[in-house]
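Q: Chain by chain, the residues:
2 protein chains.
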Amino acid sequence: MAVHPVLIDGHWIPGQGTSTFQSVNPATEEKLPGEFPISPWSEISHALDAASAVSKETRNWPGSRFADFLESYAEEIEERAESLIEAAHAETALPRSPRLKDAELPRTIGQLRQAATAARTESWRSPIIDKANGLRSVLAPIGPVVVFGPNNFPFAFNGISGGDFAAAIAAGNPVIAKGHSSHPETTRIFADAALTAVRESGMPKALVQLIYRTSHEDGYRLVSDHRVGAVGYTGARETGLKLKAAADAAGKPIYLELSSINPVFVLAGALRERATAIADEFTGSCLMGAGQFCTNPGVVVVPAGSEGESFLAAVAERFSKAAIGTMLGEGVRKSFAAGVDTLLKAGAVLVTGGKPGGGKGVCFQNTLLRVSGSDFLKNPPIFQTEAFGNGSLFVMADSTEQMEQIAESLEGNLTGALYTDTAGSDDNAYTRIASALRTRVGRLINDKMPTGVAVSAAMNHGGPFPATGHPGFTAVGIPTSIPRFAMLQSYDNVRPSRLPAILQDKNPTGEVWRKIDGQWTQGDVA
Amino acid sequence: MAVHPVLIDGHWIPGQGTSTFQSVNPATEEKLPGEFPISPWSEISHALDAASAVSKETRNWPGSRFADFLESYAEEIEERAESLIEAAHAETALPRSPRLKDAELPRTIGQLRQAATAARTESWRSPIIDKANGLRSVLAPIGPVVVFGPNNFPFAFNGISGGDFAAAIAAGNPVIAKGHSSHPETTRIFADAALTAVRESGMPKALVQLIYRTSHEDGYRLVSDHRVGAVGYTGARETGLKLKAAADAAGKPIYLELSSINPVFVLAGALRERATAIADEFTGSCLMGAGQFCTNPGVVVVPAGSEGESFLAAVAERFSKAAIGTMLGEGVRKSFAAGVDTLLKAGAVLVTGGKPGGGKGVCFQNTLLRVSGSDFLKNPPIFQTEAFGNGSLFVMADSTEQMEQIAESLEGNLTGALYTDTAGSDDNAYTRIASALRTRVGRLINDKMPTGVAVSAAMNHGGPFPATGHPGFTAVGIPTSIPRFAMLQSYDNVRPSRLPAILQDKNPTGEVWRKIDGQWTQGDVA
Numbered sequence: 001m002a003v004h005p006v007l008i009d010g011h012w013i014p015g016q017g018t019s020t021f022q023s024v025n026p027a028t029e030e031k032l033p034g035e036f037p038i039s040p041w042s043e044i045s046h047a048l049d050a051a052s053a054v055s056k057e058t059r060n061w062p063g064s065r066f067a068d069f070l071e072s073y074a075e076e077i078e079e080r081a082e083s084l085i086e087a088a089h090a091e092t093a094l095p096r097s098p099r100l101k102d103a104e105l106p107r108t109i110g111q112l113r114q115a116a117t118a119a120r121t122e123s124w125r126s127p128i129i130d131k132a133n134g135l136r137s138v139l140a141p142i143g144p145v146v147v148f149g150p151n152n153f154p155f156a157f158n159g160i161s162g163g164d165f166a167a168a169i170a171a172g173n174p175v176i177a178k179g180h181s182s183h184p185e186t187t188r189i190f191a192d193a194a195l196t197a198v199r200e201s202g203m204p205k206a207l208v209q210l211i212y213r214t215s216h217e218d219g220y221r222l223v224s225d226h227r228v229g230a231v232g233y234t235g236a237r238e239t240g241l242k243l244k245a246a247a248d249a250a251g252k253p254i255y256l257e258l259s260s261i262n263p264v265f266v267l268a269g270a271l272r273e274r275a276t277a278i279a280d281e282f283t284g285s286c287l288m289g290a291g292q293f294c295t296n297p298g299v300v301v302v303p304a305g306s307e308g309e310s311f312l313a314a315v316a317e318r319f320s321k322a323a324i325g326t327m328l329g330e331g332v333r334k335s336f337a338a339g340v341d342t343l344l345k346a347g348a349v350l351v352t353g354g355k356p357g358g359g360k361g362v363c364f365q366n367t368l369l370r371v372s373g374s375d376f377l378k379n380p381p382i383f384q385t386e387a388f389g390n391g392s393l394f395v396m397a398d399s400t401e402q403m404e405q406i407a408e409s410l411e412g413n414l415t416g417a418l419y420t421d422t423a424g425s426d427d428n429a430y431t432r433i434a435s436a437l438r439t440r441v442g443r444l445i446n447d448k449m450p451t452g453v454a455v456s457a458a459m460n461h462g463g464p465f466p467a468t469g470h471p472g473f474t475a476v477g478i479p480t481s482i483p484r485f486a487m488l489q490s491y492d493n494v495r496p497s498r499l500p501a502i503l504q505d506k507n508p509t510g511e512v513w514r515k516i517d518g519q520w521t522q523g524d525v526a
Numbered sequence: 001m002a003v004h005p006v007l008i009d010g011h012w013i014p015g016q017g018t019s020t021f022q023s024v025n026p027a028t029e030e031k032l033p034g035e036f037p038i039s040p041w042s043e044i045s046h047a048l049d050a051a052s053a054v055s056k057e058t059r060n061w062p063g064s065r066f067a068d069f070l071e072s073y074a075e076e077i078e079e080r081a082e083s084l085i086e087a088a089h090a091e092t093a094l095p096r097s098p099r100l101k102d103a104e105l106p107r108t109i110g111q112l113r114q115a116a117t118a119a120r121t122e123s124w125r126s127p128i129i130d131k132a133n134g135l136r137s138v139l140a141p142i143g144p145v146v147v148f149g150p151n152n153f154p155f156a157f158n159g160i161s162g163g164d165f166a167a168a169i170a171a172g173n174p175v176i177a178k179g180h181s182s183h184p185e186t187t188r189i190f191a192d193a194a195l196t197a198v199r200e201s202g203m204p205k206a207l208v209q210l211i212y213r214t215s216h217e218d219g220y221r222l223v224s225d226h227r228v229g230a231v232g233y234t235g236a237r238e239t240g241l242k243l244k245a246a247a248d249a250a251g252k253p254i255y256l257e258l259s260s261i262n263p264v265f266v267l268a269g270a271l272r273e274r275a276t277a278i279a280d281e282f283t284g285s286c287l288m289g290a291g292q293f294c295t296n297p298g299v300v301v302v303p304a305g306s307e308g309e310s311f312l313a314a315v316a317e318r319f320s321k322a323a324i325g326t327m328l329g330e331g332v333r334k335s336f337a338a339g340v341d342t343l344l345k346a347g348a349v350l351v352t353g354g355k356p357g358g359g360k361g362v363c364f365q366n367t368l369l370r371v372s373g374s375d376f377l378k379n380p381p382i383f384q385t386e387a388f389g390n391g392s393l394f395v396m397a398d399s400t401e402q403m404e405q406i407a408e409s410l411e412g413n414l415t416g417a418l419y420t421d422t423a424g425s426d427d428n429a430y431t432r433i434a435s436a437l438r439t440r441v442g443r444l445i446n447d448k449m450p451t452g453v454a455v456s457a458a459m460n461h462g463g464p465f466p467a468t469g470h471p472g473f474t475a476v477g478i479p480t481s482i483p484r485f486a487m488l489q490s491y492d493n494v495r496p497s498r499l500p501a502i503l504q505d506k507n508p509t510g511e512v513w514r515k516i517d518g519q520w521t522q523g524d525v526a
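Here the protein sequences come in this chain order: A and B.
Quick note on numbering: my numbering labels position 229 of the first sequence as 229, and the sequence is numbered without any gaps.
Quick note on numbering: my numbering labels position 509 of the second sequence as 509, and the sequence is numbered without any gaps.
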């Protein structure tokens, strides 16, 4: 069986290493045919050299060049939609439709096109002009970006097509993508599309490069290499923290999306008003995609007593009747089982599920656990163990005060949601709990489940550590996610003709927003 | 001799530790009378608890409350101007006038007032409203901020009065200031002013706290404590990197300003046109304050040959004639001597100076070294050793190409400056060197020395590692430096009445700039 080549410096070249891997179809638990290389350091270093050369060549290019590439790439992906969907379905067991075809692929293409628009207009660069001091500043490309994609979104977060990729390119940087080992064939097809788009848009051939896998040590070496500008990583916490330590020590910005239990508080009035509807919503949100979403609701806090009990019973009934989804792989199942086990050993009680199997291929029963609010508060860290999959922990809270204490005890999360009634009986409790929750989550939600992350300028798919590595940044949202991959460049007393177009007196397009002497405007410098 | 108390939770309380220290007058090399405590962990933890409580109390307060404090504080400082100048003069040997009285203190007070204005108008919070998606986002306080001030600006970068302090408070956070051990009395007077201002402006009593010194271990523990939101540090690279490692491991954002040699390129045409004027400018910039500025020009690249030689000779003459300044302390002198020694051992040649002494108190001769461009390029890291003080290394470059290579070999710096002629003969060389330099420096300067850092929205007092820990942020400049101490908070489907005022349909002041559906406006949501 031939080993797939890697994409380095604009060419598909045979891997220089001797080790390979294959992906597994989670539905059949059988190996898939393609064999993919593990790249040794020499290969990675080659990619870094090529990316450095691209950075040097393109660092003063207008955003429109990168926009052209992104738009061409979106078209090339559309042309390969069918093969992408087939490959991703085989490698992840995620349903072809609606998930891959009707949701994730359109989202991915839309995100690339949004990024293209942002790259073209350049408003994300926040140009600032201070006439009195002779100072002008602007965000500019940071240099080669390494993007590590996760297992759970083969399109929308793929290192070579997802949110971090789109943001890094829109900021004017070359990308070295590290595909996830669970879906290399999907990633390979994207790389083929990207290479075509690079040629069609006349970009330097090494703008987008792909390696499939490295040793752990070479991963740490990669993110801390002097030729790297920044790193984006979405994935498991343990691996992410090791990469973070390596990048941090070298002073390389690294943006991480690590783990989140996405607490949902359902208050008493909401249960009285619409418990059935909320039970349906929660079940859909928690079991969709076998629960393998960054924003999966992993903890639900409800009032103890009859209303909370009957809500839990209603959810349990739905969980036991719902189809059991196929997971992304054996690693996910093991990790989910370990999470459930940790919670049980800590004193949580099994409500339903709790065992592997019950569905097709790699799977685990839809699982609910419960714990009292006072037990939760005896050891908040252990009860915040992430069990990434189709399960959730219910916390039965004695009072509003206890709910507030639970909110205060939470680690950083991507999201936090509150359900309240429409009549206002929950409003006082809302104020207290939301105020505590607000500083612990990136996105505060009302009357809605956390799954579903709009690509919006006002999105925050981020949050305090350990959800991410920095609470000031979002991984999703255009143009808000783009400045992560930029450096701030100030020009002091620089002669007018030497300024980049975006900082000259005349607004280069009449469209870019600039802050001139404290006022945002699309006009020229007066 | 009584030991000065620490300012914790709104009260001057006796230190709980047993160790103390005294500062030294660098002009007399004698100990100054005050004895200051080294705080043990119990005391630091007390401060962290108090700061946490302030964060919790104030997290939804309008910026105007913090603005009131900052304005009151500026007034209180003005009232204590004389004692501040006396204390700082005794502790740092910096001249009373113009440095302390006419430059640094007005700058400090002006910066606090600029921060107050920014806190009041809240435009720094970048509110974003996406009507179609029901999403609204805004920057919000990150939590207690620990600020470590450096030795070289007892007012403008002091942990309790400088740029990081002003930004952290403007962002709505309590501050725990760690004063620099070289000027504790100056810091104490600021704390006295801050405490009065806290009371006058009706802020929580622990908004501003002060400890003077900790053990190294407690410093690492402090920056990684779960109660901390973020850290600001300005100072030596070695200490900064240790604090960074501790904060990074705990996922706490830490903003560092570490070291910079601030390269200055003087091109041939500029030398032909105005060598004398540039020699004067350079001498003033390099020797001012005994060279103890973050933006001190530590490397000068000039063309080899007669023009470069006569420029160097002119500078050397000025250096040998100029008064020798008193340094901030023995630590600075030792470190400067070590830097000079490292450069000499690497092959640099002494032009003038090179020995300790020659002036009043702690001092070192005004020192110039030289090295050829080709020798520099044989070992760029060693020739970029920072010698923080009244000295500089001249690099005699053979060609424009070599200057470009030198620029490409540079580590991250705060600034990079280029002098060119006005007739245009240097323009081609400028383009090549500036393009290389641009990505290595935070602020690119034309025809001006790097010292002098305007407090401007378009300033970048930052740059790539190791100048700072992240190239996207500036430590100086209002409002640009403020978002460092903020988290991003998104509101998804949150009911209108529950949104913070800044995100409600009506612009709360008619003044705050908000991005509504992609357009910056001071208007209401339509």
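One or more of the hints may lead you astray.
Said to hold, decoys possible - In silico DSBU-like links for lysine-lysine, alpha-carbon gap of 35 Å or less:
hint: 1; chain 1: B; residue 1: Lys131; chain 2: A; residue 2: Lys378
hint: 2; chain 1: B; residue 1: Lys506; chain 2: A; residue 2: Lys448
hint: 3; chain 1: B; residue 1: Lys378; chain 2: A; residue 2: Lys448
hint: 4; chain 1: B; residue 1: Lys56; chain 2: A; residue 2: Lys345
hint: 5; chain 1: A; residue 1: Lys378; chain 2: B; residue 2: Lys242
hint: 6; chain 1: B; residue 1: Lys101; chain 2: A; residue 2: Lys131
hint: 7; chain 1: B; residue 1: Lys378; chain 2: A; residue 2: Lys506
hint: 8; chain 1: B; residue 1: Lys378; chain 2: A; residue 2: Lys101
hint: 9; chain 1: A; residue 1: Lys56; chain 2: B; residue 2: Lys101
hint: 10; chain 1: B; residue 1: Lys131; chain 2: A; residue 2: Lys56
hint: 11; chain 1: A; residue 1: Lys506; chain 2: B; residue 2: Lys101
No lab work stands behind these hints, which were simulated from the structure alone.
Since we're looking at a predicted model, the values are computed, not measured.
Q: Each of the hints needs a verdict: does it hold here or not?
A: Verification of the supplied hints:
At most 35 Å may separate the alpha-carbon atoms for a hinted pair to count; Lys131(B) and Lys378(A) exceed this at roughly 42 Å. Under the criterion of a C-alpha separation no larger than 35 Å, the hint pairing Lys506(B) with Lys448(A) is consistent with the structure, at around 25 Å. For the given pair, Lys378(B) sits about 62 Å from Lys448(A) by alpha-carbon distance, which is inconsistent with the 35 Å threshold. For a cut-off of 35 Å, the pair hint linking Lys56(B) to Lys345(A) stands: about 33 Å separates their Cα positions.
For the hint linking Lys378(A) to Lys242(B), the alpha-carbon distance of about 34 Å falls within 35 Å, and the restraint holds. Between Lys101(B) and Lys131(A) the CA atoms are separated by roughly 27 Å; this keeps the pair inside 35 Å, and the hint holds. Among the hinted pairs, Lys378(B) with Lys506(A) is inconsistent with the structure: their alpha-carbon atoms are about 44 Å apart, more than 35 Å. Pair hint Lys378(B) plus Lys101(A) does not hold up; C-alpha atoms about 56 Å apart against a cutoff of 35 Å.
For the suggested pair Lys56(A) and Lys101(B), the alpha carbons sit about 45 Å apart, so the restraint of at most 35 Å is broken. A threshold of 35 Å between alpha carbons decides the hint, and for Lys131(B) with Lys56(A) the separation of about 40 Å lies outside it, so the pair is violated. Among the hinted pairs, Lys506(A) with Lys101(B) is inconsistent with the structure: their alpha-carbon atoms are about 40 Å apart, more than 35 Å.
The structure shown violates the earlier hints numbered 1, 3, 7, 8, 9, 10 and 11.
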